[in-house]
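There are 2 protein chains.
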Amino acid sequence: MSQGNEFHQVTEATTALNNFQQNPYGPNPADYLSNVGSFQLIDSTLREGEQFANAFFSTEKKIEIARALDDFGVDYIELTSPVASEQSLRDCQAICKLGLKAKILTHIRCHMDDAKVAVGTGVDGVDVVIGTSKFLRQYSHGKDMNYIAKSAIEVIEYVKSKGIEIRFSSEDSFRSDLVDLLNIYKTVDKIGVNRVGIADTVGCANPRQVYELVRTLKSVVSCDVECHFHNDTGCAIANAYTALEGGAKLVDVSVLGIGERNGITPLGGLMARMIVAAPDYVKSKYKLHKIRDIENLVAEAVEVNVPFNNPITGFCAFTHKAGIHAKAILANPSTYEILNPNDFGMTRYIHFANRLTGWNAIKSRVDQLNLHLTDDQVKEVTAKIKQLGDVRPLNIDDVDSIIKAFHAQIATPRVTARPANREEEINGFDLEAPPQKKTKIL
Amino acid sequence: MSQGNEFHQVTEATTALNNFQQNPYGPNPADYLSNVGSFQLIDSTLREGEQFANAFFSTEKKIEIARALDDFGVDYIELTSPVASEQSLRDCQAICKLGLKAKILTHIRCHMDDAKVAVGTGVDGVDVVIGTSKFLRQYSHGKDMNYIAKSAIEVIEYVKSKGIEIRFSSEDSFRSDLVDLLNIYKTVDKIGVNRVGIADTVGCANPRQVYELVRTLKSVVSCDVECHFHNDTGCAIANAYTALEGGAKLVDVSVLGIGERNGITPLGGLMARMIVAAPDYVKSKYKLHKIRDIENLVAEAVEVNVPFNNPITGFCAFTHKAGIHAKAILANPSTYEILNPNDFGMTRYIHFANRLTGWNAIKSRVDQLNLHLTDDQVKEVTAKIKQLGDVRPLNIDDVDSIIKAFHAQIATPRVTARPANREEEINGFDLEAPPQKKTKIL
Numbered sequence: 001m002s003q004g005n006e007f008h009q010v011t012e013a014t015t016a017l018n019n020f021q022q023n024p025y026g027p028n029p030a031d032y033l034s035n036v037g038s039f040q041l042i043d044s045t046l047r048e049g050e051q052f053a054n055a056f057f058s059t060e061k062k063i064e065i066a067r068a069l070d071d072f073g074v075d076y077i078e079l080t081s082p083v084a085s086e087q088s089l090r091d092c093q094a095i096c097k098l099g100l101k102a103k104i105l106t107h108i109r110c111h112m113d114d115a116k117v118a119v120g121t122g123v124d125g126v127d128v129v130i131g132t133s134k135f136l137r138q139y140s141h142g143k144d145m146n147y148i149a150k151s152a153i154e155v156i157e158y159v160k161s162k163g164i165e166i167r168f169s170s171e172d173s174f175r176s177d178l179v180d181l182l183n184i185y186k187t188v189d190k191i192g193v194n195r196v197g198i199a200d201t202v203g204c205a206n207p208r209q210v211y212e213l214v215r216t217l218k219s220v221v222s223c224d225v226e227c228h229f230h231n232d233t234g235c236a237i238a239n240a241y242t243a244l245e246g247g248a249k250l251v252d253v254s255v256l257g258i259g260e261r262n263g264i265t266p267l268g269g270l271m272a273r274m275i276v277a278a279p280d281y282v283k284s285k286y287k288l289h290k291i292r293d294i295e296n297l298v299a300e301a302v303e304v305n306v307p308f309n310n311p312i313t314g315f316c317a318f319t320h321k322a323g324i325h326a327k328a329i330l331a332n333p334s335t336y337e338i339l340n341p342n343d344f345g346m347t348r349y350i351h352f353a354n355r356l357t358g359w360n361a362i363k364s365r366v367d368q369l370n371l372h373l374t375d376d377q378v379k380e381v382t383a384k385i386k387q388l389g390d391v392r393p394l395n396i397d398d399v400d401s402i403i404k405a406f407h408a409q410i411a412t413p414r415v416t417a418r419p420a421n422r423e424e425e426i427n428g429f430d431l432e433a434p435p436q437k438k439t440k441i442l
Numbered sequence: 001m002s003q004g005n006e007f008h009q010v011t012e013a014t015t016a017l018n019n020f021q022q023n024p025y026g027p028n029p030a031d032y033l034s035n036v037g038s039f040q041l042i043d044s045t046l047r048e049g050e051q052f053a054n055a056f057f058s059t060e061k062k063i064e065i066a067r068a069l070d071d072f073g074v075d076y077i078e079l080t081s082p083v084a085s086e087q088s089l090r091d092c093q094a095i096c097k098l099g100l101k102a103k104i105l106t107h108i109r110c111h112m113d114d115a116k117v118a119v120g121t122g123v124d125g126v127d128v129v130i131g132t133s134k135f136l137r138q139y140s141h142g143k144d145m146n147y148i149a150k151s152a153i154e155v156i157e158y159v160k161s162k163g164i165e166i167r168f169s170s171e172d173s174f175r176s177d178l179v180d181l182l183n184i185y186k187t188v189d190k191i192g193v194n195r196v197g198i199a200d201t202v203g204c205a206n207p208r209q210v211y212e213l214v215r216t217l218k219s220v221v222s223c224d225v226e227c228h229f230h231n232d233t234g235c236a237i238a239n240a241y242t243a244l245e246g247g248a249k250l251v252d253v254s255v256l257g258i259g260e261r262n263g264i265t266p267l268g269g270l271m272a273r274m275i276v277a278a279p280d281y282v283k284s285k286y287k288l289h290k291i292r293d294i295e296n297l298v299a300e301a302v303e304v305n306v307p308f309n310n311p312i313t314g315f316c317a318f319t320h321k322a323g324i325h326a327k328a329i330l331a332n333p334s335t336y337e338i339l340n341p342n343d344f345g346m347t348r349y350i351h352f353a354n355r356l357t358g359w360n361a362i363k364s365r366v367d368q369l370n371l372h373l374t375d376d377q378v379k380e381v382t383a384k385i386k387q388l389g390d391v392r393p394l395n396i397d398d399v400d401s402i403i404k405a406f407h408a409q410i411a412t413p414r415v416t417a418r419p420a421n422r423e424e425e426i427n428g429f430d431l432e433a434p435p436q437k438k439t440k441i442l
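These protein sequence lines map, in sequence, to chains A and B. Using UniProt numbering, the first residue of the first sequence is number 1, and each one after it goes up by one. Using UniProt numbering, the first residue of the second sequence is number 1, and each one after it goes up by one.
Since the hints were derived computationally from the structure, they do not count as laboratory data. Please note that a few of the clues may not be correct.
Unchecked claim - 20 Å max Cα-Cα, derived DMTMM-like pairs, lysine to aspartate or glutamate:
(1) K384(A) to D70(B)
(2) K379(B) to D280(A)
(3) K285(A) to D75(A)
(4) K285(B) to E300(B)
(5) K379(B) to D390(A)
(6) K61(B) to D280(A)
(7) K290(A) to D280(A)
(8) K384(B) to E86(A)
(9) K379(A) to D400(B)
As the list claims (entries may be wrong) - Stretches of chain B that chain A covers, calculated by requiring three or more beta carbons in the stretch to come under 8 Å of a beta carbon on chain A:
(10) 192–199
(11) 362–375
It should be emphasised that the depicted structure is a prediction, and the values quoted were computed from it without experimental measurement. Note that CB positions come from ideal geometry on N, CA and C, so glycine has one too.
The shape of chain A in the complex, shown without the other chains (with noise of 0.2 Å):
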């Protein structure tokens, strides 16, 4: 085998790695300006997350909501314009007199009537937005960007005169000319903004895309940037996480992602991303074992299910199945997982009830039932229950009869079994079926 040689380094390479003192998820040194570790939320779950075909909130949920949020330690909340509707003025008015760590918000349009009313709500400040592509031009406002850029200098020096921070973002971002995108930026900038936002309104933006605009738009302004991603092509996680990379400072979120069409930017998928690149600043800044009950309240409000498949909080999203992950997780749970479940409330599970079980996994089942078993009839025993599984859907039971049957054979009469715990732990975590959902298929 002549190749053999060049695989020597091993040795080196993993003392490398273990003297590596930074994370090597955290933000990549050739990005400068990169906030990954500084970014601030903005949760727009009472204003993007109300444009949601479920969504309606009475004035008692979005007090929930916001202080659930606030509770969070989300930055920013933004609530629905004040001109939607006048329970939408009335429901601004009441959020902003709660009194809450998080600044308050409101959403408005580029015009002087809904300025008006939004600086009279007592809100922090108010993020105007205005279309900028040729599609939203042509189809929505009608109107050219010598007039968006006058109406956008009106608005924002009248909002400044308030005291209240002021946010210009361009909607569609993605699909607007970049000349004329970093033309009206540079114009808000120099009076004097808080924030620019970009957003992908319709959700076409993909990462490197992200990246070079950020980056670019940060060489044209000094103010910061806020990012806003939907979510159609499924991009809305990593689109923000790249923009943060490239130098925006604020995300915006909402819980579960709710919004327009499939919604944007979910915030318990946003810090799943984060911790991994970010853990001090992450784990220390916002209350992740929280997260698991808004999104339930959220969840309950808009009447959906939180998705199986949900980073963080999904059914099985700390749930290991296949015998090779099982072992190498009985062994050291890094090894098939980035995430730490105990680092948002939740438990780790290995689902050892299968035919894709192995007796790794089967043999900690035998400890944790007080059997003594060798390594070899554990394998047997292993076989017995790949052999059922092969038939039907197990469970614990099952794998317990067929564990218990068989030591009853080769055991003398004196070892009798102590009778399961489930709560029982090994190595820190569950070892048995996780919470099978058994949801009606709509």
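Start from chain A and add chain B according to the hints.
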């Protein structure tokens, strides 16, 4: 307004956009190795998907799923290792005999024992995998890179001698030493594998990392590159897309993304991403209108609901709600859609029965009801609808009642309303509330 003249280039920019012959969302010309317009799909629902916590597929169900995937047009179907259980072996043999257009693969450990069973099943190719990260080498198989190389060469030469395809993949590639990785890939490429695979087994990778690794790998090997991304941090679709930009050719997917933990790149979500970038290729190669049926088939088999926010098939993926969105969509759907629901056999909805509605959406409903109101009258009735929408969730009947009552007040006795026909279409889409999803909250 001194800045005014900075925006006179609007007309030219618009013209430039109109004259733009290429798809602006297509492959980036700088990605000279890009396979965005020539990618292939390896569907792993019957391998990775079988590792999903809820999955137990009978032989009949496996065959039904394999036939559906073949009809859809996937290039490869990957099956569970025939050494996982006796039924796994028989199922593999049965699916090989179906005579599908898609090539059948099975996925094995890098052992001669496994390889001998695999080549005897009748598969068109074998996917070999071995862990190369420090974590997996220490806690899973306990072997060093020399041993890995020796095993790989033995298995690859054996499978090649049988005249079928062979892929060699590292596992946990993004936590493996880069020099080790490039060494092993270069070695197996020289022997003549059909493709090498990179796998983000724990879901830690981010798009720009993926791009860099694939570009580097493509400079070392001459064979095709396959990629496999887990979705723990929500980037599996974006990572797959970016891998194609960097020169990967094949993407592992599963229906609804089912797999270990919260799964991998989903078939449907990737199609949403790819149709934006390579519409002609995607539409000519894959039967996109079958996605909904395939997802329903698999969702039922593994007892989950299709996530409410699933790309394409989520119940509100093509529902537009906010007044400003509805207005523009009525004028031109491309304003707020990058995906055309018709491409997937889906329907577009305008959700007008809510407090965020606008008078343009209500005017369309008035027209649909064959009533006649002036714009000012429509604005007046819209205000009434928004008032009720502030108090409680609305349905279409609520809105129609308000419109008809308002019309009755102002109309002459001779004008009678035609009964509403909910199937009626305006501008090619349904102007109605979407099918409300009233699911049990678990």
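To see whether the hints hold, each was checked on the structure:
1. Using a Cα cut-off of 20 Å, the hinted pair K384(A) and D70(B) is violated, with the two alpha carbons roughly 34 Å apart.
2. Of the pairs offered as hints, the one joining K379(B) and D280(A) is violated, with about 52 Å between alpha carbons and a cut-off of 20 Å exceeded.
3. A distance of roughly 10 Å separates the Cα atoms of K285(A) and D75(A); the hinted pair therefore holds under the 20 Å criterion.
4. Distance check on the hinted pair: K285(B) and E300(B) sit about 26 Å apart at the alpha-carbon level, beyond 20 Å; violated.
5. Proposed proximity of K379(B) and D390(A) is contradicted: the alpha carbons are some 64 Å apart, above 20 Å.
6. Taking the CA atoms of K61(B) and D280(A), the gap is near 46 Å; set against the 20 Å cutoff, the hint is violated.
7. As the CA atoms of K290(A) and D280(A) are separated by approximately 17 Å, the hinted pair is consistent with the 20 Å bound.
8. At most 20 Å may separate the alpha-carbon atoms for a hinted pair to count; K384(B) and E86(A) meet this at roughly 11 Å.
9. At roughly 68 Å between alpha-carbon atoms, K379(A) and D400(B) are farther apart than 20 Å, so this suggested pair is violated.
10. Judged by the Cβ-Cβ criterion of 8 Å, the region 192–199 of chain B is not covered by chain A as claimed, because only 0 of its residues qualify and three are needed.
11. Three residues within the 8 Å Cβ limit are the bar, and the region 362–375 of chain B against chain A gives 0, so the coverage statement is violated.
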